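Asker: Add chains B, C and D to chain A, keeping to what the hints say.
Protein chains: 4
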Amino acid sequence: MKIGKATAPRSAICTSNEDRIVVRGHDLARDLIGQVGFGDYFFLLLTGRKPDAAASAVLNSTLVAIAEHGLVPSVQAARMTMAAAPDAMQGAVAAGLLGSGSVILGASETAGRMFVEIDQAAAGGDLHAAARAVVSARREKKLPIPGYGHPEHKRRDPRVDALFNVSARAGGGQRFIEIAKAVEDVIPEVVGKDLKLNVSAAIPAVLLGVGFPVNALKGVPMLARTASLIAHLNEELDDPIGFALSYQATREYLYTGKMPEGGR
Amino acid sequence: MKIGKATAPRSAICTSNEDRIVVRGHDLARDLIGQVGFGDYFFLLLTGRKPDAAASAVLNSTLVAIAEHGLVPSVQAARMTMAAAPDAMQGAVAAGLLGSGSVILGASETAGRMFVEIDQAAAGGDLHAAARAVVSARREKKLPIPGYGHPEHKRRDPRVDALFNVSARAGGGQRFIEIAKAVEDVIPEVVGKDLKLNVSAAIPAVLLGVGFPVNALKGVPMLARTASLIAHLNEELDDPIGFALSYQATREYLYTGKMPEGGR
Amino acid sequence: MKIGKATAPRSAICTSNEDRIVVRGHDLARDLIGQVGFGDYFFLLLTGRKPDAAASAVLNSTLVAIAEHGLVPSVQAARMTMAAAPDAMQGAVAAGLLGSGSVILGASETAGRMFVEIDQAAAGGDLHAAARAVVSARREKKLPIPGYGHPEHKRRDPRVDALFNVSARAGGGQRFIEIAKAVEDVIPEVVGKDLKLNVSAAIPAVLLGVGFPVNALKGVPMLARTASLIAHLNEELDDPIGFALSYQATREYLYTGKMPEGGR
Amino acid sequence: MKIGKATAPRSAICTSNEDRIVVRGHDLARDLIGQVGFGDYFFLLLTGRKPDAAASAVLNSTLVAIAEHGLVPSVQAARMTMAAAPDAMQGAVAAGLLGSGSVILGASETAGRMFVEIDQAAAGGDLHAAARAVVSARREKKLPIPGYGHPEHKRRDPRVDALFNVSARAGGGQRFIEIAKAVEDVIPEVVGKDLKLNVSAAIPAVLLGVGFPVNALKGVPMLARTASLIAHLNEELDDPIGFALSYQATREYLYTGKMPEGGR
Chain A
1 MKIGKATAPR SAICTSNEDR IVVRGHDLAR DLIGQVGFGD YFFLLLTGRK PDAAASAVLN
61 STLVAIAEHG LVPSVQAARM TMAAAPDAMQ GAVAAGLLGS GSVILGASET AGRMFVEIDQ
121 AAAGGDLHAA ARAVVSARRE KKLPIPGYGH PEHKRRDPRV DALFNVSARA GGGQRFIEIA
181 KAVEDVIPEV VGKDLKLNVS AAIPAVLLGV GFPVNALKGV PMLARTASLI AHLNEELDDP
241 IGFALSYQAT REYLYTGKMP EGGR
Chain B
1001 MKIGKATAPR SAICTSNEDR IVVRGHDLAR DLIGQVGFGD YFFLLLTGRK PDAAASAVLN
1061 STLVAIAEHG LVPSVQAARM TMAAAPDAMQ GAVAAGLLGS GSVILGASET AGRMFVEIDQ
1121 AAAGGDLHAA ARAVVSARRE KKLPIPGYGH PEHKRRDPRV DALFNVSARA GGGQRFIEIA
1181 KAVEDVIPEV VGKDLKLNVS AAIPAVLLGV GFPVNALKGV PMLARTASLI AHLNEELDDP
1241 IGFALSYQAT REYLYTGKMP EGGR
Chain C
2001 MKIGKATAPR SAICTSNEDR IVVRGHDLAR DLIGQVGFGD YFFLLLTGRK PDAAASAVLN
2061 STLVAIAEHG LVPSVQAARM TMAAAPDAMQ GAVAAGLLGS GSVILGASET AGRMFVEIDQ
2121 AAAGGDLHAA ARAVVSARRE KKLPIPGYGH PEHKRRDPRV DALFNVSARA GGGQRFIEIA
2181 KAVEDVIPEV VGKDLKLNVS AAIPAVLLGV GFPVNALKGV PMLARTASLI AHLNEELDDP
2241 IGFALSYQAT REYLYTGKMP EGGR
Chain D
3001 MKIGKATAPR SAICTSNEDR IVVRGHDLAR DLIGQVGFGD YFFLLLTGRK PDAAASAVLN
3061 STLVAIAEHG LVPSVQAARM TMAAAPDAMQ GAVAAGLLGS GSVILGASET AGRMFVEIDQ
3121 AAAGGDLHAA ARAVVSARRE KKLPIPGYGH PEHKRRDPRV DALFNVSARA GGGQRFIEIA
3181 KAVEDVIPEV VGKDLKLNVS AAIPAVLLGV GFPVNALKGV PMLARTASLI AHLNEELDDP
3241 IGFALSYQAT REYLYTGKMP EGGR
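Chains as they are written, first to last, in the numbering used here: chain A, 1 to 264; chain B, 1001 to 1264; chain C, 2001 to 2264; chain D, 3001 to 3264.
Next comes chain A alone, as it looks inside the complex:
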């Protein structure tokens, strides 16, 4: 059954024959292996071009910043899955990745799109006015302000300044950092509470300044968390806690349904 129009598959990422593998126009064995770090290779795979020094520094720093934050829900889901199905680590990684949705890791992309909207709304004009307009419009539609506020880090998430410093040192564009800060400035008056920039807003703020495509932003937390998930699952093999997490989670479990008539 034919769905849609395209019938011959095509891709600009890779081709190969018996003697060589070409990735984004480069001979993999001759020109990439040993000559480009893995973070930079991710940039090349995604965009088709090698990152410059600023893009390399910024992308690697965001991947490091977002990879690991302890036993977050997706790590718990992955470790429980590993405990139940230890033969298939790929399944446990997949279970963890499936938690990279709109609520948790998706905020990097949504915040990035909000910053692009503010950039365009401001044109050459006042950033704070544009930020106020865009944030207000989101509030009116009852949309959250992605990338601001954090359940644990009430002051500013410490990763935010670390990322901003990397961007400044590496010579990354500062425009979207200014936008991110403008949003932070206008939030108290528009939202009525003081929500500080968190890592999910800092990531697009620094990446958009080095030419990282907004469409690919969601890939950054996904790749980063995969590294963390693999580390946790490796630890799970040595020192399992998957069932302990599950046991703890339901110690105060309350059944709110009915009980059968008769019986005990």
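Keep in mind the hints are simulated off the structure, nothing from the lab.
It should be emphasised that the depicted structure is a prediction, and the values quoted were computed from it without experimental measurement.
Backbone N, C-alpha and C fix where the C-beta goes; we use that ideal spot for every residue, glycine too.
You may find that some hints are simply not true.
[Stated by the list, open to error] Non-contacting residues of chain D with respect to chain A, defined by C-beta distances greater than 12 Å in every case (computed): (1) Arg3049; (2) Lys3050; (3) Ala3122; (4) Gly3125; (5) Ala3133; (6) Ser3136; (7) Lys3141; (8) Asp3161; (9) Ala3168; (10) Gly3171; (11) Gln3174; (12) Pro3188; (13) Glu3189; (14) Asn3215; (15) Gly3242; (16) Glu3261.
[Stated by the list, open to error] Computed list of lysine-lysine pairs in DSS-like fashion (alpha-carbon distance at most 30 Å, straight line): (17) D:Lys3193 to B:Lys1142; (18) B:Lys1141 to D:Lys3196; (19) B:Lys1142 to D:Lys3141; (20) A:Lys141 to C:Lys2181.
Answerer: Same frame as chain A, but now just chains B, C and D:
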């Protein structure tokens, strides 16, 4: 319901409070972001120690080597999934990762375990004799020889020498490369055909020489392929081929079941 | 780290102790096993009440109608995944399920929501007018009309009348079937082509008439397709075609990227 | 790239054209929708034949028995995933299914294979002797005895007798039930503790007696749990506990790694 013994979950990977996040004994914001590349951070997450220069060079080169090889089955599965469920890129990445099983990407780990077995069998003695014994034992049990032979690269997979060169230049241990070559040498007489080293054997050969744990080997192709999957899914958003792949796949489809009585 | 407000988990679905398991107020071993079919049990799990005869007939017929339609993309993704990772059938089922997204199987839910909207817009009045208004509004927002048109079945999908007949015979409510037909009637004038009702619209049309909750509609194709995926993966174990599908899919593959300078 | 031999995909499950869909030799719209329950359709999809009355009763009862057991680890993983990625229910179902591995739901298949082995070992002779031999051989290889013992139900799991009663009433073959009981009888002397039959052993014991294929056993808990997962995720949409589970799980979390020098 309590399954197993451990009841309080513990982990040596990460802890955090309102002001800082500690990963493997380092302050994430102060000491890691901007100071360590993503490939090296993966090593730290997994092993608890920062890689030395040789480990860094070798690990990054293996991640680059195995990430991308075109429209392999798992990339096709991911792109088809993305076409059907475009709102949830994490689902398409997960679908692709679920193909990282024993037949395809699992070979890196299995080959690594075989090399460790040969290393121990050889002790200080003859590597070729130990390789012959271990390979013969696998053949007797009708097990495949993981990491040798390739459907496309009949001569040696070009990534193999590239990885071996990185290891030599970076000063990585050469012991497991010698073992991998010894296996290649004995295969013709034991197996009866000439199966050349492929990238799945080269990866553990270079990684075991820089202290990468054998248990974590399967994580390398998984993390690497995640980068490739994200790049392909990003391309799928711009230039969809998921349904085209599916259409092509069944152009010669043959139904081998029965037909109902009556009707057309 | 605490995210959100609720801290003690609760559920109305199941509780158990050493001697019995209670599901939705019934003793599982005493009152359900052997006394309720699996389709009906799904209704009970979802809604908390046992289906009446009409609901049982209609729900089972929809599950049968949508389970299997040959080597659709999600089945292909699952069979490719099984070929690559044969030890973990759960991973291949999961890969197939991940294709149950908004484009493919999600249409049952979206069509159901559209029918509810038309029902409310019509109140006691003219169904065709309400259908015209709602369909026109979707067109203005450039939204698709979910559940109408089919790439293969240009006349009406044969499953549609089969489901409508089951509903009529079983005494299910006909209101949403009338709405579904009213939408079909107004599509030519509003959309400009003749898109016939397909199975994804027929499913909510019959289910909403027997009290099936609109929120749970997306569960019907998901459960149904799981049955089909398991059957295909069982066949894959006996007679593998996963790699053949992948090979066929790329026979006409076109690399649209650059080639390296130099080399072959 | 061609992997393996088969190049034209084939399947005996389904074919379709513009006017009809044929499943396992039956016209889906004419002969199956409305005429076969969903549990029976699963049997047809899997085996190619319609179940007789005994097979229908037994298969439906096993699906009902194993579907739901409260907030087990895979349900927790699914609800956490749903909380983090609420737009993609298929991802949360998949995350739950990925916990259907060798340790948890895989026991139905492993127990079934053990029973077949005992059946063949006994030939026409003494079942207890054959059971003793097979169980002893597993113990010597340090393999678990799948389907015996339960963390909560120390006496016999109440679902076991319910399933055995269904089989007896429906006229299912009793041979594998006798084998299952023989294993229970010999366990105290061979294993040294009294491990009672649990539901994972009762399922293959009744299914093998009605001609259900041993290879397909693992599909029964997978399909059953999918129904439960969908019910839990539907409840999660109305009354979310995913993050509460995650919060509870780590209330006693212990970080066992190092702390950085300096700082707080």
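Asker: Kindly indicate which numbered hints from before are broken by the structure, ordering the numbers from low to high.
Answerer: Hints 15, 17, 18 and 20 not satisfied by this model.
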